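Protein chains in written order, with our numbering: chain W, 1 to 343; chain E, 1 to 343; chain L, 1 to 343; chain S, 1 to 343.
Hints listed in this document are in silico derivations from the structure and should not be mistaken for laboratory results.
Careful, some of the hints might be misleading.
Since the list can't tell identical chains apart, any single copy or any two copies may satisfy a pair.
Taking lysine to aspartate or glutamate and the EDC-like style, the derived pairs with C-alpha atoms no more than 16 Å apart in a straight line are [said to hold, decoys possible]:
(1) Lys230 <-> Asp258
(2) Lys230 <-> Glu249
(3) Lys230 <-> Asp140
(4) Lys230 <-> Asp246
(5) Lys255 <-> Asp282
(6) Lys138 <-> Asp311
(7) Lys139 <-> Glu62
(8) Lys299 <-> Asp140
(9) Lys139 <-> Asp289
(10) Lys46 <-> Asp264
(11) Lys240 <-> Asp282
(12) Lys79 <-> Glu107
(13) Lys139 <-> Asp311
(14) Lys338 <-> Glu212
(15) Lys55 <-> Glu212
(16) Lys240 <-> Asp264
These numbers come from a predicted model, not from an experiment.
Chain by chain, the residues:
There are 4 protein chains.
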Amino acid sequence: MNDRKRIRAAVVGLGYWGPNLVRNLHASGEFEVAALCDENQKRLDKFGDLYPWAKRFTSATEMLQQDPPELLVVATPVKTHRALTLAGLEVGSNVLCEKPLASSVAEASEMLELAAKMGKRIFVDHTFVYTGAVRRIKKDIAAGALGNLFYIDSVRINLGLFQPDVDVIWDLAPHDLSTLEYVLGTRVKTVQAIATSNNPRGFADVAYLHLEFETGLAAHLHLSWLSPVKVRRMIFSGSKSSLIYDDLEASEKIKVYDHGVSFDVSDIEQRKQVLVSYRRGDMHAPAIDTTEALATELKDIAAALRGAKNDAATGEDGLAIVRTLEAAQKSLAAGGTKVSTTP
Amino acid sequence: MNDRKRIRAAVVGLGYWGPNLVRNLHASGEFEVAALCDENQKRLDKFGDLYPWAKRFTSATEMLQQDPPELLVVATPVKTHRALTLAGLEVGSNVLCEKPLASSVAEASEMLELAAKMGKRIFVDHTFVYTGAVRRIKKDIAAGALGNLFYIDSVRINLGLFQPDVDVIWDLAPHDLSTLEYVLGTRVKTVQAIATSNNPRGFADVAYLHLEFETGLAAHLHLSWLSPVKVRRMIFSGSKSSLIYDDLEASEKIKVYDHGVSFDVSDIEQRKQVLVSYRRGDMHAPAIDTTEALATELKDIAAALRGAKNDAATGEDGLAIVRTLEAAQKSLAAGGTKVSTTP
Amino acid sequence: MNDRKRIRAAVVGLGYWGPNLVRNLHASGEFEVAALCDENQKRLDKFGDLYPWAKRFTSATEMLQQDPPELLVVATPVKTHRALTLAGLEVGSNVLCEKPLASSVAEASEMLELAAKMGKRIFVDHTFVYTGAVRRIKKDIAAGALGNLFYIDSVRINLGLFQPDVDVIWDLAPHDLSTLEYVLGTRVKTVQAIATSNNPRGFADVAYLHLEFETGLAAHLHLSWLSPVKVRRMIFSGSKSSLIYDDLEASEKIKVYDHGVSFDVSDIEQRKQVLVSYRRGDMHAPAIDTTEALATELKDIAAALRGAKNDAATGEDGLAIVRTLEAAQKSLAAGGTKVSTTP
Amino acid sequence: MNDRKRIRAAVVGLGYWGPNLVRNLHASGEFEVAALCDENQKRLDKFGDLYPWAKRFTSATEMLQQDPPELLVVATPVKTHRALTLAGLEVGSNVLCEKPLASSVAEASEMLELAAKMGKRIFVDHTFVYTGAVRRIKKDIAAGALGNLFYIDSVRINLGLFQPDVDVIWDLAPHDLSTLEYVLGTRVKTVQAIATSNNPRGFADVAYLHLEFETGLAAHLHLSWLSPVKVRRMIFSGSKSSLIYDDLEASEKIKVYDHGVSFDVSDIEQRKQVLVSYRRGDMHAPAIDTTEALATELKDIAAALRGAKNDAATGEDGLAIVRTLEAAQKSLAAGGTKVSTTP
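Looking at chain W on its own, in the form it has when it is part of the complex (with noise of 0.2 Å):
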C-alpha cells in the first residue's frame, strides 16, 4: 500500500485465471481494478459482485473506447490475444498478456511492433519467473554454485486437461521454456520435437522436445496429458553440484546435491586414459521465498510501468517463448529434424 495513485487496470476473461489476477491486483495496492469485462454476462456478473466498484463489459472494444485503461490485462485464449492486445495498444494501453503471447511468431512481432510504434509496454504473464524458487536457481546458477552445467531435464506431466485450441506443447512448454530463458539468461537456439497423439482431435498430447540453448547446453522436456501422476520437476546436472527443483513439494522445493563427477585426463593424445572421480555430498534444500508469484509478477510490473529497470518479463521475452514453440511445431512436421529458432 502506499500514497501513490494506483495504476488503472481492466481485465478481460474470468475463465480460469482472470480470477487469480483480478484478486492480486486488487490485493497488490498497486492496481486499481477499474474495468472488468467477460463476453459471459453470467460469469461477469457472478465475479464483478465481489468488486462492486469495477464497471462491467461483455465487449472488450466497448470497454476500451469508453475509458481506456492503463493496463489492459488479456487473460482470454490464445487466439485472441492478438486482436485483443492491438486494440488496447490502439487506445494508449500497456498490456499484460497470457502466457503464450500469440499462435505464431508473425503475431507476436506484429504486437511488438505496434507496441513500439505507441510507445507502449508488453508485458507476458510468465508466471513461474516470479517465484521465489526459480528466482533462487538463477542465483544459484550465476554464483557459479552448479559449476558448468552438463544438461538440464524437465518433466511436465498429468492427466489432462485437454485444451480445446491448443496442444500440450503449446499449453505446457511455456512454463519451462520461460522458466528456462530465465534462470539461463539465454535463449533456445534450436528444438527437436517427437510427440504423439491418442486422441480423435489428431493434437499432440504427449509430446518431448530436445533443446538447445545459445550457449550449447542442452535440455530436454517431456510433456503429457496423459500420465497418470503428475510430476513437475526439473534436474539441473552440473560439473561442481546438480540441482532438483521439483515444484510439487511443500517445502523443499529446491535440492541442491553437492555431488561432482571430474574428468582427469592424463594423456591428452590417448583419450581412453580418463580417469573419473565422483564426489558424493551434502545435500541442501534452502529456504524459499513462498511470497505468491503473482503478487511478485504484479509488484514488479507496476514498477516497470513507474519507469523501474526489472525482470519483469517483457513481450521480447513472449515473442522468444512462441519462437521456440512454432520452431517445435516445423520440426515435428518434418519427423524430428533440428529446426533453429531463427529464421
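Starting from the structure of chain W, add chains E, L and S where the hints point.
For chains E, L and S alone, coordinates are given in the frame of chain W:
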C-alpha cells in the same frame, strides 16, 4: 534341490556381476559350479576360496579345452562376448552371456549362426525379465488391464558409473529394451536417438531414445550417468488404467491407477466436437513375487536345457536388443533421424 | 442452490477460520450471510466489503438483539464460546460453535442444557468428520474391511503455531478425538496423558495421549508444536487389513494394506505353542471424495435444521471431546495415571 | 589387514545374526574365525562349509574347553546369554554378546561381576552405535548444532516378526535405548510404559515408552510388531535446529532443519506476555559414512582388546539398557506409573 544330475557350469569373469551368478548357480541346486576363470589371479583365488571344489583358470581357452562345461557363463566386458561364446559353442557348450549380447549385429548374428550349426543354446542375461514386477506387468498388459496403451516413458538415471568400454546407451538401454520387448511381446521397429557428451572420451553420457514398436506404440527412454538422484521408473499410460513401475520402491514397485481418459466424438466430420472425459479412480499396488531374479533365471535356464519351453531370454532376444542399440548409434550419428532396426 | 428459503446466519469472529465459514455459508446456497461481527472494526470492514449486503457489528450482543439469526456461528477463541452460545440460544438462535466446544465439562453441559430448554440445536465444527477420507474410513471399518482392530496410532505434529489461550492438547487433540469417535462410533472411556513444556508460559507444547475406548480398543496420540516436519498420520492396525490415513497426501490419503497377522493356538493350555502367520498382500488406495469439508458440513447442518437425521456433529459430540480433554488435563496433573472421562 | 596376530574368535549361534558376525570377523583382518558352534548340526555344516578352517561344535561347553578363544561371540537367544557368557569368562575369554545383554538386571550384574573378577571384557552388540548416521548425530548434538533439546520422538514399527521368547519391548527397544544413551551421553532415569497385547501368548506386541534421562530430557518410543508399514524414524527437536534420522532412507538418513522456536518473555511476572517467534530456514542432509556398522564395531572391539580407549559398547552399556527394560516391565505391570531405572 533334486536328485537329477546337476548341470556342469563354468563361469568366466569374476568382476562385479560374475560372483552373483556363481552364488546363484551354486544355490539353485540345478547347477554344479565346476570351474571358475578370471585373468586376474588374485581375484580368482580370493573368490575361488569360497568354492573350493571348482577348478580355477586364468585362461578361458584352457578351461574350455580341459573340460568343456555343459553351460559356459560369460560375465566379461562386451567386446569379449563374441570370442568367448564362439569358443564355448565350438567345444559343445551352451552359453549364458551377459547383456548386451555383442558389440554389433554382425557379431551377434555370427554367434547365433554357430549355435544353430552346433545345435546348442545361447541364453542372454536379461535379468529384469525374471523379476516378479516385470512378469506382473506382462500379465497385466496381456490381460487387457490397461486397455489401449497410449505411450511408455522410462527413466533410468543416476550418478555414474562411467563404463570403460561402452557409452550410456549400450550400458543402460539393454535393461529397458529387454523389459519392454518382453512385457509387450513385440520388437522395436525404429529408433531416434539424441545424446550429449560431457566427458573427455567423447562418449554419450546422457541420452534420449524414442522407440516405435512393431505395433505402432511409442516409448521414450531417458538414460543418464549424470543425474544427482537415482531413478528407475517406467510409466505405462493406458486408456483403461495406467501403471507405474518404480524399481527402487521397496514394497510397492507397481502401482496401477484406475484413471482413464476417454474421447467421445459426436460428429466425426467436425473433429472439434470432441468430448473428453476423465476418470480418477482407485490406485492398486499388487503384492509382487520377491524371488531374486537370478534364481528364477537360472531355474528357467536349467529347465530350458532339460527341454522345457519357457520365458528364458534367448540369443534371438539378445540379438534384437543389439539391433536396436546399433540403430540408436546410427540415429545419433545422423542427428536424431528415425532409423529402422532391420536393414 | 434451490428455491427454499435460505437460513439466516450470523457469524461472530473473523480471524483465521471465520472467513472460511462465511465463504462456505455464502457458497452453499442454503444460508444467507445476514450479519458479520468482529470486535476489530478494521478487520470487520475489510472482510465485510466482500459481502456488502451483510450487516456489520462490533458487538455480538447488539447483533443478537437487533435481529436474532436462525443460526449463530461462533468462530472466536474457546474461552468465549460459552457466553456467546448462551446469548445466541437465549434469543432463539441455533448455534454452530468452533471446536473445542467449551473450556470445561461444566461449561459445555450448561450450554447443552440451555439448548434443550430452548428447544434449539447446537452443532460443533468438527470439520474432519465431513471429509471424504474420514467418511471412507468409517465405512471401511463398519463393513469389517479391517477385521478386528488391534490398535490406532495417530501423529499430529508440526512447528507451531503456539496458541495464546490453550495448550497443545486442547488445540490439536479435538481433531483426532472427533475423528476417532466418529469412525469408531464409540466414546473414549479413559485417558493417560504425558506432556512436556518447553516454553516460558508453562503450557504443554508436546503431548502423548493414550486412550481406551468403551469397546476396549486403544489409541495413542502424538501431539506437538515442536516438530520440524508436519505429519498428519493415523494407523489403524487390524487383523484382516490395516489402513493408513495420511491427510497431507494429495491424491492417496488412504492406503489399505491387505496384510494380516493370524495366531493359531494349537494347545490352549500351553500358550507357548502359538503359530504366528503373516500375510503381505496388495495395497489399495481408494479414490476419495474431495468435496471441501466445510461445504459438506454446512449442507448437513442445513439439512439437520430442516429436520433431517444425519451425521452432523452435535453438542453431545462436542461435550464428549471436552470430557476427554478435561480427563487428559487431570491425568497430566497426576503424572500420567489413567483417568476416566465420566465422573 | 595387518601383520599383527589375529585375535582368535569363536562364535556360538548361527541363526539370523550369527552369520553376519562371522562374515565380518573374517573380513575385518583383525580376527581369526577359529571355531563355530550351533546345536543344529545341519545349519552348522551348511554354514561351516564357507569357513573350512574353523572347527565345528554342537556344544559350546565342549568348544570352550577344547580351545578357549580370546573372544567368544554369543549370538543366541537372550535366555542363554548369562550361562554362555559366564562359561566363556570362566575359561578366560572376553565376550561379545548380542543385545539385550541379559534377561534381567540380576543376570547382567552377575556377568559384569565375573568379568571384573576374571579381568576380562564384555562387549555388547549395540550395532546402531557404530553406524555413520548415529555417530554423526552424536557429533552434531555435542557440537551444539541443535541448541537446547526440547524432546525426542522415536518410531520403530513394522509387521512382525514375533519373537518366541521376548515381547516387543525387549525385542525392539534396545536399539532405541542404546542409540539414545550413546548420542546423548547420559542414561535413562525413569520409564513409563503402556502396551497392548493382541496375541494369544499375552505378550506386549505394541508398546509406548516414555523416558526421562538424567539430564531431564524426555524421549518417547513407539514400538510395534503390528504396523502395516515399516518406520524407523527419530525426531530430535531442538531450539536452534531439529534433526530427523530416518534409517530407511537410502541416501539422506539425516536431515537437519534449521528451524527454530524462540520465546521472548518481556514481563517475567506476567508470564502471559510471551512473544513466540519461528524461524523456517534451510534443510541440510549431510553425507554419511556408509561403512557397514559391524565392520566398524569389530574394528573398535579389536582395538579395545589391544588396549585402545574408544566407543565400543561395553557390558556397562548393556547393563544400562537391561535396567531400563526391567523398569519398563515394572511400569507396565503397574499401569504406566513412572519407574526409576535404579533401585
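Verification of the hints:
For the identical chains of this complex, Lys230 and Asp258 are inter-copy neighbours only, at 15 Å across copies versus 27 Å inside a copy, given an alpha-carbon limit of 16 Å. Taking the shortest Cα distances, Lys230 and Glu249 sit within 16 Å of each other both inside one copy (12 Å) and across copies (13 Å). Neither within a single protomer nor between protomers do Lys230 and Asp140 lie at most 16 Å apart by alpha-carbon distance, with minima of 26 Å and 23 Å respectively. For the homomeric pair Lys230 and Asp246, the shortest alpha-carbon distances inside one copy (11 Å) and between copies (15 Å) are both at most 16 Å.
Within a single copy, Lys255 and Asp282 get their C-alpha atoms as close as 10 Å, and across copies as close as 10 Å, so both meet the 16 Å cut-off. When the C-alpha separation of Lys138 and Asp311 is checked against a cutoff of 16 Å, the pair qualifies only within one copy, where the shortest distance is 11 Å, while the shortest distance between copies is 46 Å. Taking the shortest alpha-carbon separations for Lys139 and Glu62, neither the intra-copy value of 44 Å nor the inter-copy value of 56 Å comes in at or below 16 Å. Taking the shortest Cα distances, Lys299 and Asp140 never come within 16 Å of each other, neither inside one copy (23 Å) nor across copies (42 Å).
In this assembly of identical chains, Lys139 and Asp289 lie within 16 Å of each other by CA distance solely inside one copy; the values are 13 Å within and 31 Å between copies. In this assembly of identical chains, the alpha carbons of Lys46 and Asp264 never lie at most 16 Å apart, being 66 Å within a copy and 31 Å across copies at closest. Taking identical chains as interchangeable, the C-alpha atoms of Lys240 and Asp282 lie at most 16 Å apart only when both belong to the same chain, with a minimum of 12 Å there against 20 Å between chains. Taking the closest pair of Cα atoms, Lys79 and Glu107 come within 16 Å of each other only inside a single copy of the chain (10 Å); across copies the shortest separation is 56 Å, beyond that limit.
Taking the shortest Cα distances, Lys139 and Asp311 sit within 16 Å of each other inside one copy (13 Å), while across copies they are farther apart (44 Å). Within a single copy, Lys338 and Glu212 get their C-alpha atoms as close as 9 Å, which meets the 16 Å cut-off; across copies the closest is 19 Å, which misses it. In this assembly of identical chains, Lys55 and Glu212 lie within 16 Å of each other by CA distance neither inside one copy nor across copies; the values are 47 Å within and 55 Å between. In the homo-oligomer, the alpha carbons of Lys240 and Asp264 lie at most 16 Å apart inside one protomer (14 Å), although the nearest pairing across protomers, at 42 Å, exceeds that limit.
The structure fails to meet hints 3, 7, 8, 10 and 15 from the earlier list, while all remaining hints are met.
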